[in-house]
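**Q** So the chains spell out like this:
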Amino acid sequence: MVQCPSCAWPSEPRLICPQCGAPLGVELDCFAALELPRKLALDSRELEHIYHEAGRRVHPDRFAAATPAVRQASLKSTALLTRSYRTLRDPVSRGRYWLELMDEKLAENNQRVPPELAELVFEVQQQIGELREAQNGSVNTLCAAVRERREELAGLAARTQEELERNFARWDGGAGERQDLVNELKSALSKIAYLRTLTRDVDRALEGTAAH
Amino acid sequence: MAYSNKVLDHYNNPRNVGSFAKDDPRVGTGVVGAPECGDVMKLQLRISDNGMIEDARFKTFGCGSAIASSSYVTELVKGKHIDEAMALKNTVIVKELNLPPVKIHCSVLAEDAIKAAIIDWRTRKGAAAAGAAKGSGAEQRNSDKSAQR
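Sequence order for the protein chains is A and B. Just so we're aligned: the first sequence equals residues 1 to 212 in my numbering. Just so we're aligned: the second sequence equals residues 1 to 149 in my numbering.
Any given hint could turn out to be false.
[To be verified] In silico DSS-like pairs for lysine-lysine, Cα to Cα no more than 27 angstroms straight-line:
{"id": "1", "chain 1": "A", "residue 1": "105", "chain 2": "B", "residue 2": "80"}
{"id": "2", "chain 1": "B", "residue 1": "89", "chain 2": "A", "residue 2": "105"}
{"id": "3", "chain 1": "B", "residue 1": "80", "chain 2": "B", "residue 2": "95"}
[Claimed, not checked] If you want the ones that stay clear, here's a sample from chain A, every Cβ over 12 angstroms from chain B, calculated:
{"id": "4", "residue": "15"}
{"id": "5", "residue": "19"}
{"id": "6", "residue": "27"}
{"id": "7", "residue": "82"}
{"id": "8", "residue": "86"}
{"id": "9", "residue": "119"}
{"id": "10", "residue": "190"}
{"id": "11", "residue": "191"}
{"id": "12", "residue": "195"}
[Claimed, not checked] Coverage of chain B stretches by chain A, computed from C-beta distances (three or more under 8 angstroms per stretch; other residues unrestricted):
{"id": "13", "segment": "21 to 34"}
{"id": "14", "segment": "37 to 43"}
Just so you know, the hints here were simulated from the structure itself, not pulled from any lab data. Built from N, CA and C at the ideal position, the CB exists for glycine as well.
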């Protein structure tokens with residue numbers, strides 16, 4: 001139990017005092033901060049709406065005339081809300097945070113890159129390397145090939161994102177063994193990380209050629 | 001973040017960049033990645049029949065510390081026996097390159113890549129021997145995997 005800094009009402013740890021509506025200023029997990037059930041499938045608009053609503057209720061401006069303890073609580077709760085919103089807003093960071101909550105580490109027993117993805121990484125990096133070194137004559141052809149790769153990567157990223165969402169739905173539905181769900185989640189998150197890094201390198205290479 | 005001089009040296013003049021033919025029976029290939037940041041590292045070792053590491057190559061796509069870690073580790077294991085290389089700890093790399101705490105995973109990656117390459121070499125050698133003696137290399141592979149962290 002925690003005590004409200006404003007009305008001294010004892011309450012369960014939560015964002016706002018149920019008695020007087022003042023911010024409690026206590027540490028909470030990201031779901032609890034936004035008063036959400038622990039579910040992975042989140043609607044981004046709804047999440048944004050919840051964040052703004054809660055943000056208004058704990059905003060320091062509302063407590064400018066309150067005691068130092070309440071003002072302090074308001075600052076803490078506002079920071080907590082923002083951190084929680086940023087963590088949950090992006091599905092990838094939400095998934096990573098979920099692993100943290102489950103006391104699992106993304107990199108643990110997970111340093112093998114799926115062979116077909118590794119193959120893709122080396123092929124694309126090779127192409128980028130050639131593009132960087134290319135002389136005027138061959139730049140256009142290479143550039144077109146890399147642009148095509150860019151499309152391919154975007155498609156792959158979209159499919160992996162869907163894989164992640166299917167995993168979220170399985171967690172929420174309580175279907176499947178915990179370890180299977182963890183492995184599935186780690187696999188999708190890792191693939192996304194490799195694809196993002198590769199896509200970033202492709203974009204940089206394309207920007208580099210555009211600058212010439 | 002500032003890189004140490006040793007990291008910069010390996011980054012600017014990486015040793016042993018490149019690759020060996022994958023199907024060369026003397027070559028073991030390890031491909032590992034850091035799922036937090038998306039870095040990918042390929043490390044290859046050419047190993048003699050009696051288990052001496054004759055040469056090494058790497059290709060790393062990632063940050064300066066990942067490139068420096070793989071460059072340094074290829075230098076380190078050349079001329080060593082695979083048993084010695086298997087016992088290699090990432091802390092050696094951390095110390096040599098002065099890696100800050102946020103870059104320690106780069107050294108872990110290099111350590112894992114060496115081990116994966118040796119395991120790959122052993123597996124392929126086992127499979128080749130088993131193929132010759134019409135057995136199976138499956139048990140060898142399993143025991144190798146359980147020896148990993």
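**Q** Which of the listed hints are broken here?
**A** Those not satisfied are hints 1, 9, 10, 11 and 12.
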